[in-house]
Amino acid sequence: MRLGGVVIAVWAALSGAAFAEESATAIGDPERGAKMFKRCQSCHQVGLGGKHKVGPHLNGIFFRPAAAFDDYKYSKGMYAAREAGLVWDVDGLGNFLEAPKATVPGTKMSFRGMKKEQDRNDLLAYLRTFSDNPQDIPEAAPTARKVEVELAPEILAIVGDPDYGEYLSTECTTCHQTDGAYDGIPSIVQWPTEDFVIAMHAYKIKQREHPVMQMMAGRLSDEEIAALAAYFGNLE
Amino acid sequence: MKLNRRGFIGAGAAVAASLSAPMVMGAGKPRVVVIGGGAGGATAARYIAKGSKGAIDVTLVEPSRTYYTCFFSNLYIAGFRELSSIAHSYGTLASKYGVNVVHDWAVGIDRDAKTVSLAGGAKLSYDRLVLSPGIDFVDGAVPGWDVTSQNKMPHAYKAGSQSELLKAQIEAMPQGGTFAMVAPPNPYRCPPGPYERVSMVAHVLKEKNPTAKIIIADPKPKFSKMALFQEGWGNHYDGMIDWVGSDFGGDNVEVNPDEMTVSIDGEVTKVDVCNVIPAMKAGKICEMAGITEGNWAPVSGHTMQSRIDENIHVLGDATNQGDMPKSGFSANSQAKVAAMAIRGALTGSKVFPAKFSNTCWSLIDTEDGVKVGATYEATDEKIAKVDGFISKTGEGAELRKATYEESVGWYAGITSDMFG
Chain A
1 MRLGGVVIAV WAALSGAAFA EESATAIGDP ERGAKMFKRC QSCHQVGLGG
51 KHKVGPHLNG IFFRPAAAFD DYKYSKGMYA AREAGLVWDV DGLGNFLEAP
101 KATVPGTKMS FRGMKKEQDR NDLLAYLRTF SDNPQDIPEA APTARKVEVE
151 LAPEILAIVG DPDYGEYLST ECTTCHQTDG AYDGIPSIVQ WPTEDFVIAM
201 HAYKIKQREH PVMQMMAGRL SDEEIAALAA YFGNLE
Chain S
1 MKLNRRGFIG AGAAVAASLS APMVMGAGKP RVVVIGGGAG GATAARYIAK
51 GSKGAIDVTL VEPSRTYYTC FFSNLYIAGF RELSSIAHSY GTLASKYGVN
101 VVHDWAVGID RDAKTVSLAG GAKLSYDRLV LSPGIDFVDG AVPGWDVTSQ
151 NKMPHAYKAG SQSELLKAQI EAMPQGGTFA MVAPPNPYRC PPGPYERVSM
201 VAHVLKEKNP TAKIIIADPK PKFSKMALFQ EGWGNHYDGM IDWVGSDFGG
251 DNVEVNPDEM TVSIDGEVTK VDVCNVIPAM KAGKICEMAG ITEGNWAPVS
301 GHTMQSRIDE NIHVLGDATN QGDMPKSGFS ANSQAKVAAM AIRGALTGSK
351 VFPAKFSNTC WSLIDTEDGV KVGATYEATD EKIAKVDGFI SKTGEGAELR
401 KATYEESVGW YAGITSDMFG
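Chains as they are written, first to last, in full-length UniProt numbering: chain A, 1 to 236; chain S, 1 to 420.
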């Protein structure tokens with residue numbers, strides 16, 4: 001709480017009077033929000049050096065319009081939301097977190113939604129600690145982000161054969177939809193290669209929990225994982 | 001060249017002419033006929049058409065214009081799904097993938113001439129034939145029952161009107177009435193299916209008719225996910241379900257549809273609803289094609305080719321392939337191996353080693369989902385299991401809910417993989 005209070009005070013001072021009233025009351029508990037963020041961090045980075053991964057980085061997200069980055073490929077639904085004027089303020093983010101698919105139809109964010117208002121508020125309080133000065137994003141404190149699996153550079157360097165990946169992908173598409181739709185099973189299209197490879201190896205060594213995925217990944221070779229990453233990564 | 005209006009019309013006419021003469025334009029194009037538009041056939045048609053990008057003519061023969069998936073039909077019976085949500089049509093296969101969809105019955109196969117005769121009179125030539133007809137019932141498997149009794153004692157093991165009938169009968173049961181199921185012997189379509197069915201019936205009865213009873217006469221000593229189901233029945237429907245396995249006479253059954261009685265090991269019980277799921281065999285067309293041995297069609301796991309005729313690939317429930325269960329997931333998985341092999345044989349596209357997988361989700365009660373799955377590979381003898389898993393007894397409610405939600409996602413995934 002103390003951390004959040006300080007940051008919000010600084011933020012209010014920097015951003016002038018326009019949002020002063022809103023910032024006078026804390027959104028939620030950022031320390032608890034940091035724990036909630038664990039559910040997000042397999043796809044989103046926030047903090048010093050945060051990069052786009054499966055999802056865009058979340059530094060400076062407050063008061064930014066939806067689909068604002070040129071170097072990240074959003075879903076068509078997210079671009080449409082930007083056209084419609086969606087801005088990531090407390091309400092915009094809160095609604096999206098509560099029901100992603102209803103708020104932005106077609107979003108590729110594979111997240112069912114955060115039903116409890118307190119959870120959303122705490123998460124937003126945490127995210128806002130990285131939006132204190134949207135002009136100067138990397139100044140925010142870094143978040144500890146452990147690498148899921150330490151892979152040898154030669155495994156990460158394998159260039160996958162997308163044709164082989166296309167054949168192997170037929171085992172995935174019984175459950176995962178190729179258009180990126182999410183109805184209870186996550187989208188696996190257009191992931192950055194490294195994230196895809198690391199996630200699959202994490203299943204393979206049973207570090208990630210999921211019996212089906214552990215089984216499917218368990219018999220894939222390094223080349224096969226790279227082939228799948230190459231195929232799904234470029235699937236339109 | 002400057003394209004004037006006249007020239008443009010002329011070009012258009014030329015295109016129209018070429019479209020109306022497919023026999024000339026398509027001469028030499030390899031032809032694949034797929035019989036059966038379920039999880040095996042629809043997937044195979046889509047993957048062959050999509051992968052070959054028009055280089056192979058694909059015709060899908062399926063009598064139903066609307067296909068009801070067997071998977072999730074139990075959830076319809078329980079009221080978790082609308083019937084419309086398990087109904088699918090073939091429009092996208094035709095419009096997006098160029099599959100020639102023919103709604104007719106295949107009534108004969110001439111393996112020497114490589115033709116399929118349709119009930120409507122047409123004859124289709126093929127270079128490769130894919131048979132994915134699902135199951136038919138073994139005549140006389142349950143004494144007293146035949147297809148003419150299926151209105152009084154529904155099987156509801158081919159989804160659609162039978163599912164609607166069974167649902168209506170369950171809802172109309174008198175208070176404190178009895179629901180009986182005659183379960184099938186191995187091997188049969190969807191091993192956990194009868195027991196998920198019982199769970200869903202119990203779910204309905206618990207709400208509408210809590211003093212009703214369920215009795216299962218089973219010719220088997222044990223069944224798929226038995227520990228999980230029995231634990232769930234104890235948790236959710238304590239005392240309602242009585243399972244009579246073969247060790248207790250469940251294999252000695254006779255039914256009387258007119259009297260609505262079931263005799264189990266000589267003891268006759270009057271019942272209100274009787275769900276008879278008879279022993280199964282490969283869809284009749286396999287037998288007519290002469291590619292069955294016993295009740296099923298033997299296939300090679302490398303390509304899903306019939307062991308009797310290399311120009312025929314058989315998929316899904318109708319096959320005898322080895323370790324895979326008869327399920328929609330299995331059929332979908334096998335269809336992709338067959339599609340790859342057929343494209344390789346007809347157009348020389350790349351062929352990779354066959355890989356298969358299966359997962360079966362079952363619902364025991366609201367948000368109480370369980371699953372079992374395995375991966376498989378082709379050996380010269382059979383499709384052999386590589387690795388597997390099963391849900392555990394005593395799992396927490398959160399995990400069971402997640403498993404159920406995953407099954408909903410899988411349904412969306414496999415149906416879009418089948419129908420596009």
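If you're looking for bench data, these hints aren't it; they were derived computationally from the structure.
These numbers were taken from a predicted model, which means no experiment stands behind them.
Hints may contain errors.
What the hints assert, rightly or not - Only pairs whose alpha carbons sit at most 27 Å apart, straight line, appear in this in silico DSSO-like list of lysine-lysine:
no. : chain 1 : residue 1 : chain 2 : residue 2
1   : S       : K206      : S       : K222
2   : S       : K401      : A       : K115
3   : S       : K123      : S       : K350
4   : S       : K206      : S       : K158
5   : S       : K392      : A       : K76
6   : S       : K158      : A       : K73
7   : S       : K350      : S       : K385
8   : A       : K206      : A       : K35
9   : A       : K101      : A       : K116
10  : S       : K401      : A       : K35
11  : S       : K206      : A       : K206
12  : S       : K206      : S       : K123
13  : S       : K50       : A       : K73
14  : S       : K50       : A       : K76
15  : A       : K38       : S       : K401
16  : A       : K51       : A       : K35
17  : S       : K350      : S       : K50
18  : S       : K53       : S       : K114
19  : S       : K208      : S       : K158
20  : S       : K50       : S       : K96
21  : A       : K38       : A       : K51
22  : S       : K208      : S       : K152
23  : A       : K206      : A       : K76
24  : S       : K50       : A       : K206
25  : S       : K270      : S       : K213
26  : S       : K96       : A       : K101
27  : S       : K270      : S       : K284
28  : A       : K101      : S       : K401
29  : A       : K116      : S       : K350
30  : S       : K382      : S       : K222
31  : S       : K53       : S       : K350
32  : A       : K206      : S       : K96
33  : S       : K401      : S       : K382
34  : S       : K53       : S       : K152
35  : S       : K114      : S       : K222
36  : S       : K123      : S       : K53
With the threshold set at 27 Å, check whether the alpha-carbon distance from K401/S to K382/S stays at or below it. violated, 36 Å
Proposed proximity, K222/S with K206/S (alpha carbon, max 27 Å): Since the Cα atoms of K206/S and K222/S sit roughly 25 Å apart, the hinted pair holds (cutoff 27 Å).
Quick one, are K116/A and K350/S close enough, alpha carbons at most 27 Å? violated, 51 Å
27 Å Cα cutoff - pair K270/S, K284/S: Violated: K270/S and K284/S sit about 33 Å apart, past 27 Å.
Hinted pair, alpha-carbon criterion (27 Å max): K206/A, K76/A. Please report holds or violated. Given that 27 Å is the threshold and the Cα spacing comes to 34 Å, the pair is violated.
Holds or violated: K51/A and K35/A, Cα atoms, limit 27 Å. holds, 20 Å
So if I understand the rule, the pair passes when the alpha-carbon distance is 27 Å or less; does K401/S with K35/A pass? Distance ~22 Å between K401/S and K35/A Cα, so the pair holds.
Distance restraint between K50/S and K73/A, which requires alpha-carbon spacing of 27 Å or less: This hinted pair holds, its Cα atoms lying about 26 Å apart.
Given the hint that K53/S pairs with K114/S, test it: the Cα-Cα distance must not exceed 27 Å. holds, 24 Å
Do the alpha carbons of K382/S and K222/S lie within 27 Å of each other, as the hint requires? Distance ~24 Å between K382/S and K222/S Cα, so the pair holds.
CA of K206/A to CA of K35/A, is that 27 Å or under? Judged against 27 Å, a Cα distance of about 23 Å means the pair holds.
Does the structure keep K206/S and K206/A at a Cα separation of 27 Å or less? violated, 39 Å
Checked against the numbered hints listed earlier, the structure breaks hints 3, 5, 6, 11, 12, 23, 24, 27, 29, 32, 33, 34 and 35; every other hint is satisfied.
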